[in-house]
Every structure is written in structure tokens, then in C-alpha cells.
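**Student:** Produce the entire structure from the sequences given, and follow the hints as far as they go.
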Amino acid sequence: MLRFISRRMLTAVGVLFAATYLFFILAANAGDPLMDLRASSQPNRDELIAARTAELHLDVNPFLRYFFWLGAALRGDLGNDYLTGQPVTTMVGDAMGQTIKLVGFASVAAIVIGVLIGIISALRQYSGFDYGITLATFLMYSLPSFWVAVLLKQWGAIGFNDFLADPVIAPGALILIGLVMGAVVGAAIGGEWKRRLLFGGIAGVMTSGVLWLMSATGWFNDPSLGPFVIAMLGAGVALIVVFLTTGFGNKRAVYTAFTMVLIGVVAYFPMQSAFVYTGGLAALGTLIGFIVAGVVVGYLWGGQDKKVNARIGGFVGGFMYGFLWLDFLMSQWYDYSNSNAINGRPIGTVGSSTPELSESGYWIGTIDSFTHMVLPITALILISLASYTRYMRGSMLEVMNFDYIRTARAKGLPERTVVMRHGFRNALIPIATLIPLDLAALFGGAIITETIFGWNGMGRLFVNALQTVNVNVLMGYFLVTGILLLIGNIIADVLYVVLDPRIRVE
Amino acid sequence: MSIESLAPVETEGLSLGKIVWGRFVRHKAAMISAVVLVITITVVLSSIGVGPIPGWWIWGPNDIDPTIVNNGHPTLAWEGWWFTLGEHPFGQDTIGRDAFARTMRGAQVSLMVMVLMGIIATIVGVVIGALSGFYRGRTDFALQRTTEVFIAIPTIVVTAVIGQKFGTSNPALFGVVLGLLLWPGLARLVRADYLGLREREFVDAARVAGASDRAIMFKHILPNAIGVVIVNATLLMAVATILEAALSFLGFGIQSPNVSLGQLINEYQTSFSTRPWLFWWPGFFIIVYALTINLIGDGLRDAFDPRQQRIPKTKELNKKAIAKAETEVAQ
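These protein sequence lines map, in sequence, to chains A and B. With the first letter of the first sequence counted as 1, position 487 gets the number 504 in our numbering; the numbers rise by one all the way through. With the first letter of the second sequence counted as 1, position 148 gets the number 237 in our numbering; the numbers rise by one all the way through.
Honestly, the hints are just simulated from the structure, not real lab data. Please note: incorrect hints may appear among the correct ones.
Cross-link-like lysine-lysine pairs, in silico, DSBU-like; alpha carbons within 35 Å at most [claimed, not checked]: (1) K323(A) - K428(A); (2) K107(B) - K308(B); (3) K268(A) - K211(A); (4) K117(B) - K409(B); (5) K117(B) - K308(B); (6) K413(B) - K117(B); (7) K308(B) - K211(A); (8) K323(A) - K268(A); (9) K211(A) - K107(B); (10) K428(A) - K268(A); (11) K211(A) - K408(B); (12) K211(A) - K117(B).
**Tutor:** See below:
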């Protein structure tokens, strides 16, 4: 294995050298970096041209000029942006932070949702739900991202902000949303018509009811969850987690999950004052604290399957903290949306934050970046969701047809164990090998989405640099993304061998 | 039971092409998509004509109608059971150009780019994949590393250079360049197929019979790998439609005065708040292209895959028809 990895690393360095060389030649030929000076009417024009030529070695042929860059790069100097004089390393670093925030969030969401839909779609193969999802994924797959992004920016933002200015949902819309929700849930549940109608009906009526309540009480203007709703949401999460992992027959699992719900609800009151002093790191620390507490509770309930219980406890604990955090975040919404800088239009379309609010603390800052991320993230999820759904569906279908699934059923395992432990885990292998590559590509940024929403990430850095023929910046970008892509490639191969014992390294 | 029914029936053997075609025709989504695509292409090509051949539509893509009808709003409307085009079905832009003619020209250009790109990427991908998988060893190593370099280079840089050196005015050149860039995925799939197929007996048989390497690669092995090639070439064309539009949108593809669907969206996005229809229609045609081609590719994949059960067998269709007829008779 070690030999395999080191050999791959060695060839990767060769590939990187060839690719950077080719890229340098291309980038150097993408335009004229002296364009702005040639057109200028400054008296010292000729000196400026001479200075820039010397700085960028423009008098040297690009085929040789590469080695100037390479020499400096090997010493850790990636050069400067010739327009602003900023060092490339800091530019790339800043852009990378922005991109990870935006694209990372969207990718994780797309993977989770896509895997979920893919599994349900595969388990209900050839049902109305499956056909609906298949058609929807093909449609999403065929959407031009820039078109969706412009639409969201021009319509989504305006519509959303108008709604938030006067947040009342019309009765017709309420009924429609309820019907759609009911139909989707009914189709996803599957089984006999009676069962589908029952579950679909409950889901539809509940959705409409909750939305009506939210609309009637002006919840959207001053949202909050409160201990009661947190308890209900926690109970829901606990039930789902227990249902998917062990089933309700395992009493200790049920006790573990509900102990964590109880701890979360009790923690609501002290957390209200603690949250006021919370910053980003403290929030993360408390989250870890809740997960650890869940693991400990799981172990304390014990029994034969301590590990499963610990996992359930940690999961529910994490979610409980999430609800508490969300509740406090919501309590800040009123101040945020009524502040002068926002001016009653909370959903942002340009940039990653409101400059006037940069000094207003962790909570307002978090809301501010959420409101700016909503639209670009929606665009990104819409586009990347389709491939994960298709992939997961295909992989799950293949796995569920294998002989070992039949064996698992034949020996009398409950369907939950067959699907979750024998099917789902094996179906994840191809997805897991896909993810390192996607995550590596993620650092390249979402060129189009970032450009349209004015997000200063990697993609925008790249396009701007390309427009001004800023070779140093382009090379900095390409070096980082290229290295990450090659590493992602190697990790994907290694992961494949690690996860699937049938595959061996030559 | 009569003697005749036990006698062996002469059945004609079906070629792979016939089997696949038969299965494809029964794939509903793919067939509907194929029909929609053919109709779309017919309208796109015939409306404003191709090159010297005139079309049935009165306006050309760059003609300016000095009278702006209905404030530039689309005149396409439903009247009872049928629709009427009116003077400017997709509306007019600020200087009076007909949006329908422009969209049609954009759709023609996008179609040409897509087809050119598809053909070139398929040829390059098949040749490189075949050489790599057939010869293995050093050839394979060298070609695989080349493929990796091509995957790493962002397409947008190459099109920027092309735009700089040759001007942005040539959609055909753009299609060729895209084709020369987008073959790596196909090459990898073809290589994987060839690695398995080269070990099969029919390759040995061909070699014993004295076939050259070239004949073995392209006459004997390629027909066995044709499924992978056709399916992925189709899906690649759907990707290329969107990619072409995206590059033109960013300003690194086809630029004004040339028209393409992405270029139109780029040109009209600033007038979104006043004339949103200018923005709707080019996007609609991109989606029609990409969606129908994707669904056709999916249908082809199912048709080529003998394990796929989504397509009903003729036997089952017959059975269903008989059952239906029987219930009708019973009533």
C-alpha cells in the first residue's frame, strides 16, 4: 500500500509539472497584461510599461518565463498581483476561506439530501415517487447554472424580501403547500393506498397547520423555537434515529435518546444566558460537549450494545444542541432585520456580508452570512443534488440485488437491518470514493455562482485574474487546485481499496 | 396438444443493433425526448433558414424592426385550441430586433457547437482509450498521464486563449476546441472496456487469422464496446450544451455580434427587470436540448444493458394486451 501511494505521488508530481507548464503557456497567451497602460495617457507611461515588463519578465518568451515562476515558487514565493501589489498567497488564502464556506456548505447539504432521496427512490423502484424523482433529477441536471442563479437573484431575492416585509401566507398557498407535502410524503412512504393516504394526509395537514400558525402569529418577523418546540423536535429526531438504527424493541436505545432530549430541554434555560457570551469557537466547543455527553449517556445505559447506544446518544445530543443554537440565533433575527444597515431587505444578493455589520458580534454576523448564503447555496444545491441522487439510486439498486442481501433476508433479519446495515453501507462505497474528488474540485470554487452573486471566492478570483491576464494569480490558483485535485484522486483510489476488501492494489 | 406446436420454430437471430433499437423504442421517456428533440431541431433549422437557404420566418436575427410592437412584449398567445405567433412571438429587444429569430440563430449555433464537439470528442476519446487499453504498459502510462493533464487544465483558460488569438467570432472553431478538450472522460471508459475485451477469445481468433492491431482494435473490439461509446458521447453532448452556454455567458465563449444561447442570456441579463422574456427563451432552449439528450442517453444506456428491466419485454406487452382483451371480452 505504501509503495502504491508513494508511486502515485511521484507520478502526480510529474503530472503537476506538465500541467502547470501547459497552463502557464496558455495563461500567458490569454491576453495582454499591458493593455491598461498602453491605453493610458499618463506622462510616465513608458516607464510604467518598462517597470511592469521587468516585474513580470514580459520580455522573456513564455516557454522560458515559466522557469522564473517555477524557481520562485519552489522557494515559496508565488509573486504578486501586478495591479494591486498584493501577494498571491494571501489572495488565494482569503478566497479559499470564502469558497469553503459557500461551496462546502452546499456540497455537504447536497450530499446528505442526495443520498437520502437516492435511497428512498431506490427502495421504491418503479413507483410514482421514483419516476417523479428521476424526472426531477434529470431536469436539475439539465439546468444551466447561470440561468438558475440569475433567476434566483432577480426573482428569488425580491420575492423573498417582499414576503418577509409582510409575512402572511395566503390560504390558497397554505392548502397548496399542504397538498404537495402530503402527496410527496404519501408517495415516499409507499405500500398500500390506505397507508399512503393516512401518512400523506397527516403530513399535509400538519404542514398547512404549522405554516398557518406561523403566519397568523407573525412568527416570521420574530422567530423562535422555545423549550416546548425544542422538546418536540428533539423527540422527533430521537424517534427517527432509534427507528433507523435499532428499532423500538431496544429499550436502552430509546432511553438513551430520550435522556438526551431531556438534557437538551433542561439545558435550554442556562444556555440562554451562556449563549450571549458565545463566540464561534465556544459554540463549536459546546457542540462537541453535547456530543460527548450523549456518548457518555449511551455508555451509562449500557447493555450489550453500548456502542450503538453511544452513537445514538451522540447523534441526538448534537441535534439538541443544534436546536438550542438555532433558537438563540432566531431570537436575534428581529434586531437583525430591523437594523438600519438591512433596511427591511434581509436577503442579500451581492457579496458575503453586509459591511456595516462587520463589528456586530457572532450572532448577528452568523445571521448576516446566512442571509447572504441562502441564494447561492440554493443554486449550488439545485445543480449538484441531481448527480448524487442518481448515483446513490443506481448504487443502492445494484447492492439490493446482490445475493448477500437475499441471504440477510433469508436468515430473518428485519428489513431495517437489511437496508441500513447490509444495503446502505455497501451502497455508500462508490459515493465515498466520489467525494474526495468532489471536495477537491470544490476548492476551485463555483465560478459562475460566485461571479453572479459577487462572492469573493476562488472561482471569482480565477475569472477576474483571467480577464486581466494576471498570470501570477492564475498560477497560484492553478497550483492550489491542481495539487488538491491530484491528492483527491489518490485518496479516492486508496479509499476504494480500504473500503472494499475485494479490490487489491497491483 | 397438436403436433405442430411442439415442432421447433425457425426463429431469426437478432443482431445487437436490432435488439438495442427494439428496446430503445419501447423506452417511453427516451422516445418522447427523441420526438421532442427532432421537432425542436426541425423548427430551429427551418425557421430562419441555414446559410443561403431561406426559412419561413420573416425576420432575421440581426434585422431591426423600427416599430416596436406591444412595447416589446411577446406576441405568442393561445387562441382557443391553437397558438398564434403574432409579429414577434418571443418579443423584441430595446433596439427592435426580433427575439424569436435571435433565439433560433442561437439555438442553431449551440446545436452546431454541440454536434462538432460530440464528434471530435468521441473520435479522440475512442482512439486514445483504445490505444491505452489495447497496448497497456508504457503507452497506457503515457496516455493516462496525458489524460490527467487534460483533466486538470480548466477549459475556460483554453477558450480564453482561443478568443484572444483567433477572435471570438468563430463558433465552429469553438466547437472543435471544446471537442479537443472534453474527451478524457470517454477515453477512460473506453480504456476500461478495452482492458477487459482484449483478453477475450475472439481477439485471439482474429490475431491467429492474421488481423493487424488496427483491425483488431477498431473492427473487432470496437463493435463490442460501442454501447459505452454511444451512451457517453450522448451524455457528453448534453454537458457540452450547458458548458458552451456557461462559457459564452462568462464572456469566454461565443461573443456578440455572433449569437449563441449562452451569449443571448449574457446580453439580456441586464434587462431582466424590464424584459424578462428575452432571458426566458434562450434558457428554455438550453434546457430542452440538455434534458432531451440526457433522457435519450439514459434510454440508450438501458437499451444497451441486458440486465436492465425497466424496459418492458415484448412478451410482457403481448401478455398484457391479451389479458386486457380477455377482460374486455368477459365484460
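**Student:** What's the verdict on K308(B) and K211(A), does the C-alpha distance respect the 35 Å limit or exceed it?
**Tutor:** violated, 58 Å
**Student:** For a C-alpha distance cap of 35 Å, please report whether K323(A) and K268(A) respect it.
**Tutor:** Given pair K323(A), K268(A) holds - Cα atoms ~12 Å apart, limit 35 Å.
**Student:** Are K413(B) and K117(B) close enough, with their CA atoms no more than 35 Å apart?
**Tutor:** The hint holds at about 20 Å.
**Student:** For K428(A) and K268(A), compute the direct alpha-carbon distance and say whether it is at most 35 Å.
**Tutor:** Holds, because 24 Å separates the two Cα atoms, which is no more than 35 Å.
**Student:** Given the proposed pairing of K211(A) with K408(B), does the C-alpha separation stay at or below 35 Å?
**Tutor:** holds, 29 Å
**Student:** Given the proposed pairing of K323(A) with K428(A), does the C-alpha separation stay at or below 35 Å?
**Tutor:** holds, 24 Å
**Student:** So if I understand the rule, the pair passes when the alpha-carbon distance is 35 Å or less; does K211(A) with K117(B) pass?
**Tutor:** holds, 29 Å
**Student:** Mind checking the alpha carbons of K117(B) and K308(B) for me, to see if they're no more than 35 Å apart?
**Tutor:** holds, 32 Å
**Student:** Given the proposed pairing of K117(B) with K409(B), does the C-alpha separation stay at or below 35 Å?
**Tutor:** The given pair, whose Cα atoms are some 17 Å apart, holds under the 35 Å limit.
**Student:** Measure nothing beyond the straight line between the CA atoms of K268(A) and K211(A); if it is 35 Å or shorter, mark the hint as holding.
**Tutor:** Holds - the C-alpha atoms of K211(A) and K268(A) are around 30 Å apart, at most 35 Å.
**Student:** When you check the alpha-carbon spacing of K107(B) and K308(B), does it fall within 35 Å?
**Tutor:** It holds: about 19 Å lies between the C-alpha atoms, which stays within 35 Å.
**Student:** When you check the alpha-carbon spacing of K211(A) and K107(B), does it fall within 35 Å?
**Tutor:** violated, 44 Å
In summary, the structure is inconsistent with hints 7, 9 from the numbered list given earlier, while agreeing with the others.
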